[in-house]
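Protein chains: 6
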Amino acid sequence: MSDFQPVSGFVLPRFAGIPTFMRLPHVPLDDPRLPQVQVGLIGAPWDGGTTNRPGPRHGPRQIRDASTMIRAQHGVTGLRPFETMHCADLGDVAPNPADLQDSLSRMQDFYARVTAAGILPLTAGGDHLCTLPILRALAKDGPLGMIHFDSHTDLYHSYFNGQMYTHGTPFRRAVEEGLLDPKRVCMIGIRGTAYDSEDRDFADSVGIRVIPIEDFHARGPADVMAEARAIAGTGDTYVSYDIDFVDPAFAPGTGTPEVGGPNSFQALECARGLRGVKIVGADLVEVSPPFDPSGATAYLGASLMFEMLCAIVSAHS
Amino acid sequence: MSDFQPVSGFVLPRFAGIPTFMRLPHVPLDDPRLPQVQVGLIGAPWDGGTTNRPGPRHGPRQIRDASTMIRAQHGVTGLRPFETMHCADLGDVAPNPADLQDSLSRMQDFYARVTAAGILPLTAGGDHLCTLPILRALAKDGPLGMIHFDSHTDLYHSYFNGQMYTHGTPFRRAVEEGLLDPKRVCMIGIRGTAYDSEDRDFADSVGIRVIPIEDFHARGPADVMAEARAIAGTGDTYVSYDIDFVDPAFAPGTGTPEVGGPNSFQALECARGLRGVKIVGADLVEVSPPFDPSGATAYLGASLMFEMLCAIVSAHS
Amino acid sequence: MSDFQPVSGFVLPRFAGIPTFMRLPHVPLDDPRLPQVQVGLIGAPWDGGTTNRPGPRHGPRQIRDASTMIRAQHGVTGLRPFETMHCADLGDVAPNPADLQDSLSRMQDFYARVTAAGILPLTAGGDHLCTLPILRALAKDGPLGMIHFDSHTDLYHSYFNGQMYTHGTPFRRAVEEGLLDPKRVCMIGIRGTAYDSEDRDFADSVGIRVIPIEDFHARGPADVMAEARAIAGTGDTYVSYDIDFVDPAFAPGTGTPEVGGPNSFQALECARGLRGVKIVGADLVEVSPPFDPSGATAYLGASLMFEMLCAIVSAHS
Amino acid sequence: MSDFQPVSGFVLPRFAGIPTFMRLPHVPLDDPRLPQVQVGLIGAPWDGGTTNRPGPRHGPRQIRDASTMIRAQHGVTGLRPFETMHCADLGDVAPNPADLQDSLSRMQDFYARVTAAGILPLTAGGDHLCTLPILRALAKDGPLGMIHFDSHTDLYHSYFNGQMYTHGTPFRRAVEEGLLDPKRVCMIGIRGTAYDSEDRDFADSVGIRVIPIEDFHARGPADVMAEARAIAGTGDTYVSYDIDFVDPAFAPGTGTPEVGGPNSFQALECARGLRGVKIVGADLVEVSPPFDPSGATAYLGASLMFEMLCAIVSAHS
Amino acid sequence: MSDFQPVSGFVLPRFAGIPTFMRLPHVPLDDPRLPQVQVGLIGAPWDGGTTNRPGPRHGPRQIRDASTMIRAQHGVTGLRPFETMHCADLGDVAPNPADLQDSLSRMQDFYARVTAAGILPLTAGGDHLCTLPILRALAKDGPLGMIHFDSHTDLYHSYFNGQMYTHGTPFRRAVEEGLLDPKRVCMIGIRGTAYDSEDRDFADSVGIRVIPIEDFHARGPADVMAEARAIAGTGDTYVSYDIDFVDPAFAPGTGTPEVGGPNSFQALECARGLRGVKIVGADLVEVSPPFDPSGATAYLGASLMFEMLCAIVSAHS
Amino acid sequence: MSDFQPVSGFVLPRFAGIPTFMRLPHVPLDDPRLPQVQVGLIGAPWDGGTTNRPGPRHGPRQIRDASTMIRAQHGVTGLRPFETMHCADLGDVAPNPADLQDSLSRMQDFYARVTAAGILPLTAGGDHLCTLPILRALAKDGPLGMIHFDSHTDLYHSYFNGQMYTHGTPFRRAVEEGLLDPKRVCMIGIRGTAYDSEDRDFADSVGIRVIPIEDFHARGPADVMAEARAIAGTGDTYVSYDIDFVDPAFAPGTGTPEVGGPNSFQALECARGLRGVKIVGADLVEVSPPFDPSGATAYLGASLMFEMLCAIVSAHS
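Residue numbers (the working numbering), protein chains in the order written: chain A, 6 to 322; chain V, 6 to 322; chain L, 6 to 322; chain X, 6 to 322; chain B, 6 to 322; chain C, 6 to 322.
Treat the hints loosely; a few may be bogus.
Okay, the calculated beta carbon distance ranges per label pair [unchecked claim]: (1) C:A122 x L:R224: 54 to 62 Å; (2) A:E232 x C:P37: 50 to 58 Å; (3) V:G123 x B:T239: 56 to 64 Å; (4) X:Q106 x C:D206: 51 to 59 Å; (5) L:S202 x A:P40: 28 to 36 Å; (6) A:A320 x L:M169: 39 to 47 Å; (7) B:T82 x C:D206: 31 to 39 Å; (8) V:G281 x X:N166: 39 to 47 Å.
Hint data in this document are derived by calculation from the structure and do not stem from the laboratory. Positions of the beta carbon are idealized from the N, C-alpha and C atoms, including for glycine.
Please put together the full structure from these sequences, using the hints given.
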């Protein structure tokens, strides 16, 4: 077995130790072990694109803490992902909290290095604008497909009299920049009141498939995920999971909650439904610790990251 | 477009500004714009009828705060209610926290003025006894029908050795006073342990339809609401929505929670199922901020008020 | 009617008075009324077997507080259990917080006295290791069946290099000690990540039936409980209900939550599904107040204890 | 040693057991041991006089819970009060949460029975209006002196257009009714913004001594308490301690906090300064658990009650 | 008496009503009453300069809510400021949460309009960078003096490799831009660990007086404020009050707390010590509601704003 | 400058990165850099000796998180400790949460290795029983002096019918085992109610100096610390700082709070008063995160650890 194993709770109790993601080794980008890493868990502690309630900059640390509750084996499938692929905690990107464009550049550079090292990134945000620089780093060989769990489309053109970069606009920009192939993009769980229909009109115009929550509840996760997999197809696909996809009773720690979402079992089922997708990167964003000091939201986030990791490992093994 | 528009979050971020209900203009009863108002959002900050854990007196303010998260357009139907009817925040009734009967009088007077101005009231409570003076003001031309979401019937005769006015008795009084037509009253979601069967016996004796939560879960919201609409019929109908109808995981901020209730999606579906009912007034009561400082309960309450508002607007346009 | 009645909320408001379980009389083991008691509600304020986040030692007090919200009559069946059997609060076992084996002895002695008095114990824990000394006291005439609600099997062999008594091992010990008949044991709701498969392999090897959460969600509570009743059969059966069976959105106050569990209505349905089982004792464990100061978890726990009490009373009357 | 001893934390850990005040025996008014009791600890779970944020109805229960942290011996003086006088928990007065005058009557009756039994009452409130019916029961042989710790005078004439009974008016009423001798009343710690000077003008006109917080901080507790003792003199004196006397950083759980108050050491010093006063009754009021679920305020309240008890015992032994 | 009076708690309970600052009339910049206003209370809901924990964007709303606890009269001096000067709530500046420079411009423009109307601004922040655009608007006729309460100097040159505009740099910029006369600037309460001495070296080099907390505790508020008044002299002076000046036990709701600060009484004394200073504007910044949902920090902030208002009114009347 | 430098907040914002103590390098015991380390910051995540409210097992992680707020330079003295001595985070001892004696052994072994490497340990607990195995490892060449900040003496003989190892007995054992020279031991801040006088009688009998809180408040920190330094003398001295020394308003996150303690400035002054003492090890114990999820207590604890570190560095340079 490789060195890239999590510390067992049978050896060091789970409340003990310096918290890395899932108790994995910490391998910064300048660590000699970097070339061995296959999946890199990364923190993106930045929320400068937030138009509403801030806090996701604190997400990576709280998710690391909560993730020490994760054990080595998947409960349903018995998969032991850390024995199949080399996983490590690559640490956090260093953002500039007071400069949006500088932060986007810093993130893009970091992920370019990760990608260059042949490492598949699994990110804990950060707000949803963090996904834009990740896509810029990942989509260097052409547009990607995307399966996107969220209560919002994040497809708006701009806010506040022309502000084009916020956590409500990343996928508008990604389509415009050719980072995403809209025909291979599926957005699941959209709901809540709306400013207007401009985002959904854009989705329609470019061919993005939007599955609103009413359809989700009527059809169930399995059926929805079958469609999502079909849309993503066999090409390289990114997975972006906004924690506000889940109902706020299960995930209160987020800045723009929308009532009426899936419960935590459904949230897990969706992530399990990713198996078979050719995932080239994934994220779990918008966990905002100040709005849930209990850590329950972060723990759900960590559980979802583990599910996504298992989907990644399944596809690569 | 009329002046009665909410401030957009694209112009002023939703965390900014003095919080009125849904960011609507504040139009007190002595404001010259009052005659233009069609739907009045009103706070009833009083909980003097509470027999258990107090706090709903703080409800209107927290709901106002949370309601600034509501946007202008309904996510499913696309309805933009504020463009169809003139809506305004009429402010709060001034209660007397230390005198129950004086408070009931003050509320009845306030709503009489609202009704006299031709305004349909949508109230944020306050405890459930607030509904009694509202019904007294609204039912001046004869008894109303009522669709009532709650975990309790609020049909008890009296408490504490003869106390006839508490938040557990308003609808007993309302039937006795001829404010409600019991044959057109439907109560949905009743559950929890009971003192005895006296309230349900009364319901049976006068013809009130009580749908316990077991039936609700077995049948689903759509079927239940179809029956509720049939019971209310085509006559004037009041809607009273006690937040403790919803499961306490989704609405912890209330004084007498009962486990085993609907989730937030079902809670919304119920409100959506009001479309077609001839609503003459509605309320959302028993949000108790001290038991949920996070504001999540108030946010669900505001979301439900928006749904009820859309049902009102649909029926009037 | 006997003296063993709860104080009514119509007489003394539910927030008032010294909180005993369900407002029942306090009958310590040396009280002359002890021989009249048929069901004894007992607190086991001990969590010395906890390997992760502590706190269940505070469970009994918080559950007592929350249980004053329980009224005298079951909402669905109309059963009034306190009129059928003599129920009392027997107080708390005195543990030794700094000595595991001494605490196990103290608990076994206490329950031996309870059993000797012909009283059926309904316990509020404490962590799950508390169930072991209870089983030792109850199973003196041969192994019991058990219906076990939990997200974990608690069947591990040992922790921390040979530690055989923790809240993750009680049922392994109970089977080894002949306290449980594994063929009459059914575990419901198992989920979450796992250290390895050692616990489930043991279950398989001795014939314990494990129903994972995926099956639970697919089949529903009624079907699962029918199987559980069939497994328990007609013999003496213990019921052990770990609050972490329920999804953490409904029961956040516990030390080792696992996302993806049942909601509170399903949790109640499971307890209702116990009717007909020959229950000789029951517990509700792992409520950890420091992780839910709001008391919502304790309130759900108290509601589940009431349901279990009704199942007990139904079977004995 | 008498039977009226608290349970030791060396025997039963302090988090265990049914919480009575200071772990004393529960002796309801109909208990045969009542005649032996010398000091009765009583809960007054009522807040119907609250004009602002409610919650003190929950005070007695939370204070009982917190008071299990109190041990048998005073840390400074070594006094062991429970060995000197027979102390017991007499339980709670049953209020009528929806009827102010009925609640006042119920409280007066309860305390009349306590007084008739020769028991000195030490009360945990409840809001400050609770003190009025206590004074009515205690002052049957003539007006009492009073030492009053508070940030408000509670001497206002009326609120809300003539409401004469609120927690802002009890001492105005008590002076009018001849229950207090204003020349023997000293109010300590008064501060905060004011509606107007009407309350202080009344104090001046009848001779009540008001020591504002500025003087308190300038002079220190010892000097202030010397004056208070001199004002109270040798006659029968009541002590009323509103927890909002203490700075809200130390006592956040109250409805009308005022910043700038004493710290907890000064708060204790004040209570210690009561030694030598002929105390005929005392209370600790306005602890509001919903505004401090942590219990820290209640714990300070319990500590102050222990100090007052020691002052009582010192004076009687 | 003018129309610019707060609503009395004797008329409308303090928990009721739409919360404006101190229950004053809301007078937006386009309101015809604007010319009558003398002191404008303004919210600056922006925290884009925050380098650490965000949240002050939510400050104005929570401070408004808490400020409804403020009454009309000063407790010590008897001053009734609203009867002396016309005070109003001017609402919030509309920031751009995702663009720092745009937000600075928007704030400067807003305050320029306020100043042009002859209104003295009393601001609730927002993070400390908000003070920079206010100074730009106010110092149009030459540099101002400043009395600055804080645990940090906010005099750093830059962060994050050249970021010159953060909440740690406003006064460095203000001195560089000629908005402040460093010889008339006094900073009080500085403490905590430091990156290095660069900020204090700058202070020394330009003549800013820094009074560290050790000196503050040794000398006491009265002596310190006498020096501060002497430094500010008779010229136009701005007052900037960072809530983190106060010890975090009294003001936990802030992003960069430093232990060891003044208590709330000392915090008030400092504000009272401003009397006699020629104040041309003042602010209370860095209240961060997500880190204190209880509102205690905001309430202290509102109390300090009231004290500053009284100092302003004293100086102008 | 050595490699043992903390990450600067100017480079990586303080909320970012994997949290080690004070952002120092993580150097486990098997790391090749270990021989260079001079001061080792260590977590002891164990609370098995707790007789009351548990939780300090979570202390090290929360203190690490909070300690990322600490910067490189002391605010008063300008000392930059990390430039003077090589400091590192050595990680956590692995305890056995379900076996007290095994945990004591594991801790003693760990500290023996640390001591053998010539490293001075600065520990974050854990409960106060953790200090016993540390003393066993440190006092191998003879008894140590000790300066002990606490509200309890922790000198009791035993609990619960003979339990000799709890967090209330470590120093009784340490004296008995010859680990401490009682004549060189000074305990500061003792207060609260007491079981009896047995602990203080023991202190008197062996010559331990106990300074109760009344004396502390009367004399002030400087005078008290002068005495403490004199008692400790010039010999090897251990410093043990129980966070419950500080008043619970400043340090609510602890299991056995006692009201009436020092404020945070005094708490810091005490630690600063350690300069000149020949410290051979120090700890900060009893921080219990479940009772203060906000992290304020942990942040005070981290601040005190920094002060103790500065005292250590001062003495060694």
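Query raised in the report: Going through the earlier hints one by one, which of them does the structure break, listed in rising order?
Result: Hint check: 7 fails alone, others pass.
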